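Undergrad: With the hints as extra help, turn the sequences into a complete structure.
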Amino acid sequence: MHISYDAFARTTHPTHIQYVREALQKLANKGLIYFKEHEGYYSLRQEQFVTEKDLVNGQWPEIYGEVIKTKEPNYFFKLSLFENWLKDYVQTHEEWLIPKSKRNELLGALEKPLSDLCISRPISRLSWGIPLPFDENYVTYVWFDALLNYVSFARTDNHNWWPAQLHVIGKDILIPAHTIYWPVMLQALELEQPHRFLIHGWWMNRGAKMSKSLGNYIDPIPYVQLYGADALRYYLLREMGLGQDADFTDEKIASRYASDLCNDLGNLVQRIAAMIHKYRSGVIPSCSENLMGEREKDLLNGMLLENYCLHFEKYDIALALQEVWQHMKKLNRYIDTTAPWTLAKNPKESQQLDCILFVCCACLKRYALLIDPVMPETSNKILSFLNIGKENSPLYHAFYSLDLAGKTINVPSPLFPRIP
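Count along the sequence shown from 1, add 279, and you get the number used in my numbering.
These are calculated hints, taken from the structure and not from any lab test. The structure presented is a predicted model; accordingly, all values stated were derived computationally and were not measured. Please note that a few of the clues may not be correct.
Taking lysine-lysine and the DSBU-like style, the derived pairs with C-alpha atoms no more than 30 Å apart in a straight line are [claimed, not checked]:
| # | residue 1 | residue 2 |
| --- | --- | --- |
| 1 | 332 | 348 |
| 2 | 627 | 593 |
| 3 | 450 | 366 |
| 4 | 357 | 315 |
| 5 | 669 | 609 |
| 6 | 381 | 350 |
| 7 | 332 | 350 |
| 8 | 379 | 593 |
TA: Dropping the structure here:
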């Protein structure tokens with residue numbers, strides 16, 4: 280999938296254990312942790328205490344599994360002290376949660392009073408875990424420990440990756456873990472908040488949520504072997520809208536591959552390559568702006584880049600890709616309408632043919648630049664076909680730099696071979 284990590288963090292790593300113990304001691308020193316005997320309902324699956332306000336129509340939601348009534352002494356974090364701060368923060372930071380509907384969901388949850396958070400388990404009942412620095416008879420509750428994992432490896436002697444520019448999470452762990460517990464913990468520890476949260480939906484398998492227990496999860500490796508990593512990356516990012524669920528099916532990925540990748544992009548590169556080799560001996564012709572008609576200028580205007588960047592700034596990658604493919608379809612129609620194969624028969628139309636071929640190559644370069652974050656291998660192949668490398672310059676400069684005339688193109692191999 281061409282994905283790698285910068286640092287792999289385990290909660291059992293000494294760096295993390297030390298960080299968690301230091302954080303707990305800091306909170307204790309600030310008077311934000313206290314000890315009391317607690318009687319209430321306990322979720323065996325989530326390993327957390329729940330209250331009657333968590334009931335839905337008088338029933339415990341399935342996420343909690345078996346819930347039992349129990350009594351035991353534990354340590355608590357004064358979450359309730361930060362209720363007003365959190366409400367104010369969410370209300371004054373409108374772009375903090377993406378999509379915005381999740382902000383409304385969080386504000387709705389905050390209408391209920393916050394309860395203090397139990398952050399420990401007695402070591403007699405839970406042998407694994409990070410011991411509390413102020414009481415070795417207790418270990419840290421897994422959520423408190425796990426959430427600090429985001430920071431423990433992001434702020435080290437070698438790296439300073441915190442605060443996160445974008446914290447990506449699934450919708451099922453939004454509330455309360457990541458948008459109530461986590462921001463309050465950061466505030467209490469005097470750490471910066473993530474600039475934004477991006478909350479994604481679920482990939483469904485024919486309408487059902489994927490899970491290990493159901494055994495209906497999708498293994499991506501066979502799809503990479505069949506379609507290639509770039510094709511699978513494209514499908515995943517094109518098919519799922521911002522914050523929405525999406526259904527993963529063999530039919531849908533096959534359709535995207537055949538229509539968007541084989542036809543719209545793959546065939547486009549092949550037909551442009553064939554025309555330049557046939558009509559201009561493999562050399563990209565030049566075309567001055569004064570020879571361009573309205574259709575050519577329309578294809579080369581900046582709206583594609585502006586719309587693309589606007590969608591990316593909103594983290595809606597599906598819409599950004601849609602912009603590129605809509606323009607791609609427009610270029611395919613342009614070729615069909617102008618019929619370069621007909622113009623090539625008339626020497627008087629030589630300049631017009633040059634303009635058409637130049638515009639086609641300019642558009643291909645731009646497509647390669649725009650799809651690079653999603654399809655890096657394909658981007659490199661298109662640029663290699665045009666005999667140009669990736670420019671070490673901002674996207675805006677590279678997008679408008681169209682120094683292509685006179686370059687001898689290479690013969691491209693099919694980007695996306697058809698699958699029987």
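Undergrad: Now tell me if each hint is right for this structure.
TA: These are the hints, each one checked on the structure:
1. Among the hinted pairs, residue 332 with residue 348 is consistent with the structure: their alpha-carbon atoms are about 15 Å apart, no more than 30 Å.
2. Of the supplied pair hints, the one linking residue 627 and residue 593 is violated, its CA atoms being roughly 48 Å apart against a limit of 30 Å.
3. About 20 Å separates the Cα atoms of residue 450 and residue 366, which keeps this hinted pair within 30 Å; it holds.
4. A C-alpha spacing of about 12 Å is found between residue 357 and residue 315, which places the hinted pair at or below 30 Å, so the restraint holds.
5. Pair hint residue 669 plus residue 609 holds up; C-alpha atoms about 25 Å apart against a cutoff of 30 Å.
6. At roughly 35 Å between alpha-carbon atoms, residue 381 and residue 350 are farther apart than 30 Å, so this suggested pair is violated.
7. Distance check on the hinted pair: residue 332 and residue 350 sit about 19 Å apart at the alpha-carbon level, within 30 Å; holds.
8. Pair hint residue 379 plus residue 593 holds up; C-alpha atoms about 11 Å apart against a cutoff of 30 Å.
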